[in-house]
Amino acid sequence: MPAQHPSEAPESPDAPEAADAPADPPRRSSGPPGAAPWVRTRLRAAPGGAVALVLLVLVTAFLAAAFPRGVDTYEDREARRLIDGATAAERNVAVTAQPDPEVMFEDQAESMGGRVVERFTETVLAEFRAPLRAERGQVSYGVRTKPVLVTDDAWLPKTDGQRPEVQLDARAGVEERARVVGGRLPEATAYEAEGGGDVAFEAAVSAATAGKLNLRVGSRVHIPQSEGTVVVEVTGILEPKAPGSDYWSVDPLLRTPELRQKPESLDPQRYWAAAFLLHPDSGPALFAGTQSFGPSFEDAGTSAYWNVPVAGGALRGRNVAAVLDALTTLQEGPGFERLAQRTGGTLDISTGATGLLAGYTGVREAVTPVVAVAAFGVGAVAAVVLGMSGGLAASRRRAELALLRSRGGSLRGIATRLLAENAAAVLPAAAAGYGLAVVLLPGARHTPALLAAGATAALALCALPLLAVAAVRRPRPPVRTDLVRARPSRQRLVAELTAVVLAVGAIVVLRRRDDADGGADALVSAAPVLVGVVAAAVFVRLYPLPLRLAARPAAWARGALGFLSLARAGRAPAASALPLLALLVALTTASFGGSVLAGVADARETASLHSVGGDARLTSAAPLPDGLAAKAEEVGGVRHAAAVSTESGLQVIGLSGDLTLLTVDATAYARLSADLGLGPFDAGRLRDGNGGRALPALVSPGVADLIGDGTLGMQSSRGRITAEVAAVRTMTPALTGGQFAVVDAESVARQLPGTEAVTEARPDTLLLSAAGGLDGAALRELARDSAPGATLLLRDDVTDDLAASELQRGAERLYAAAAVAATGYALLAVLLSLLRAAPERVALLARLRTMGFSRRHGRRLLVLEALPQLVAAGLVGALAGLVTVRLLGPGIDLSALALGEESPDLLGPGGAELRADPLALALPSVAVPALALAAVLVQAWWGGRRRAVQELRAGERE
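Here the numbering used here is used: position 817 in the sequence shown is 919, and no number is missing along the way.
The list that follows gives simulated cross-link-like pairs (lysine-lysine, BS3-like), each with its CA atoms no further than 30 Å apart: (1) Lys248 - Lys314; (2) Lys364 - Lys248; (3) Lys248 - Lys343; (4) Lys314 - Lys260; (5) Lys364 - Lys314; (6) Lys314 - Lys343; (7) Lys364 - Lys260; (8) Lys260 - Lys248.
What follows is a list of derived Cβ distance ranges for each label pair: (9) Gly545 - Thr430: 22 to 32 Å; (10) Arg318 - Gly874: 54 to 64 Å; (11) Arg420 - Ser452: 23 to 33 Å; (12) Thr143 - Ala557: 25 to 35 Å; (13) Leu553 - Val218: 46 to 56 Å; (14) Thr225 - Thr331: 29 to 39 Å; (15) Pro149 - Thr549: 32 to 42 Å; (16) Gly875 - Val283: 49 to 59 Å; (17) Leu1025 - Arg988: 15 to 25 Å; (18) Gly545 - Lys343: 25 to 35 Å; (19) Ser452 - Gly187: 18 to 28 Å; (20) Trp257 - Ala905: 45 to 55 Å; (21) Ala624 - Arg420: 13 to 23 Å.
Don't read these hints as lab results, they were simulated from the structure.
Idealized CB from N, CA, C, for every residue including glycine.
Put together the whole structure using the sequences plus the hints.
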């Protein structure tokens, strides 16, 4: 008989020392020539489990990496949209420098004109340090006057008898950004004109300016002053190459003249304002020339300027706060001081980008905690599922691992082998999931996504080794594992109490936190998850009790099906606690998320209603034609229409703010108000049936407090109206904010007869309510034909505008995706639980069939066994979601998520608090248990197909 190789000798299970010796996997070089590696052997022996683990880790790592990258993506898009979508003036940083008034004119021209401005441009740009970046290709600079220089040429066009006013601008870079369509570019010469004391400049104008002001090459424009005249000769006509660029748009006068109105005049007095482009080297002459013509030219405000647009392409959402700090430093801090010292004169720096980015920061800080709730919810459920996958593998390999342990395998060696086996599947899957997230969501940060994918891989790697080692650490005889015998340990009690304390603390902190605090606090964001954990702990401890009580009377009933199902449901395995935890956390998160999304949608509908005052609003500066309301009611989708005459700005002594008088048809306006739910009232209360001296009026609370039981006199365009309080409403469709008084048109006509034809008293607003979808195209056509100058505002358009922010839309999409993912993981947890119990269930069906149970009865048993748990879990999930919304609602303000940068005042006194949405609570609590029950049906159908003898023999082999 040949000698046995030492490595093939059987291990002695009786040697106690071998249990503690390390049993690391043998290296390829130290094993027998024909030995196969452990990992390859295991993966070939059970490829299905490896493939399932790869898919689970791939999807989970992708979602984990995609979440932070998705947040970065929509934050970056919104930050760039704000800058790129803003007007040139809003994103421009305007630097203006005027010389020291105590310096002589010649020295001013030398210090602030010509090439000095060009050299100083790099000094200005040097203050734009990362992350604040300048759009260098659109920077403009030069020397200019204000557009207040009045011309004195009879051939120039006048409007309302007013002469045009011009601006002289010695801007650099015109030759590269414009085409000469007539004449030539101006030269830098500035010379004294004929007659002495006059100064002449050469200038170019845009084609639009030349057309509006009747200018041509050779035209001379005279600007008279107290001691002479500035003569500007047009030498060229220009056409901007890119008229929409910041270079031309930051000061639109350069490309297009404007028709302006004098602010000090009560009557409309309009005039043309235009710009003349001088040679860049004309700056010194412009300083010297404009300062030497007496006091009337001091208002010209000749100054050097630099227009630096903020670059939006490189802006990131995470850098907005730093950009704001940099802009503040440039406007008020050390950057401003450095530039002021270099100029030596009066420096002014202004920008509209600060307001844009400050609004973005406020919305982002309000949205982040709400999004973090979704992240915690789906993360918790995914972690439970990954742990359950390891538990399922450990339970199925318990006999194998126990055999290894009994033959001398050390715990470290077993764990190392399982870790290596898992690594072969987990690490490539996690890397692929991360790579997929990078490909689908490019341009975002890598570190948060790497950490999230790494955490997923670490959990998937360690779940099986840790659970397997814990299972075989000490030999244990087979015992019952149902909740009747398996009493909760002290460690579990401590964990449950800790979850309760954390949940209570998170709720208290969230309810007491000020809305201005902002930010994402981990404890507060995890509050819905903690509530779900507490609900799961209570549910697992309590739900078997009523089932076991119900099983007692069922034992006396005919048939064994009811008793067996209740008895087995009441003795569910202790391992079912994890899927119940995942299920309840997912239901709580989904219900909470659904309520958030429903609350956001409701807030937008409310805000759009308050903003428009109806489903559509037609407003005109001139009186609307008679019969327009009747025509509007014939348009598809219109239910009611009411014409309103609006007189605003009425002064009332003792009233805070101006009063707006609204004259309406009481019957039509009452129907409209009731239909919209905005300050409904009884039309009869506004009618002056007794012909009294005071008209009954629907007034705001401020007006009611002022009037009391007396009357109020209002001087309207029709005469003096005396009104008394008939009803008080906080808002009305025609005016949802401010002080108002609504009176009936017929009552006013009786009090002030003969004033119906007064122009200001005729209706100028038409409000509409809809019965369904409004035909917007038909309404626009009606407005265009009947009231050409009127403005039509649709409620649906306002609602869409409120959701235009990428921050809002991205957060909503991410929240919805997280709720769906949490629901999917909850279903997966139930499936893993079913797979873990599948052998025992199939063997049970086989035994019952040998005792006379039909396959149909066996399937019913499995369904009835799972039904109480799933139904109870759905009810508890809905209850947990309701409790979460009620507890956390007062501490969560949805106005930023719903309205973006719009004022929360649009929502009225109720605001945008989180409220429980019945559909959001019911849908997940019904859909998830229903899908889980469908999985039970599939398992029961599949298990019933196999023969009883095969299952019983399989049980014997196991």
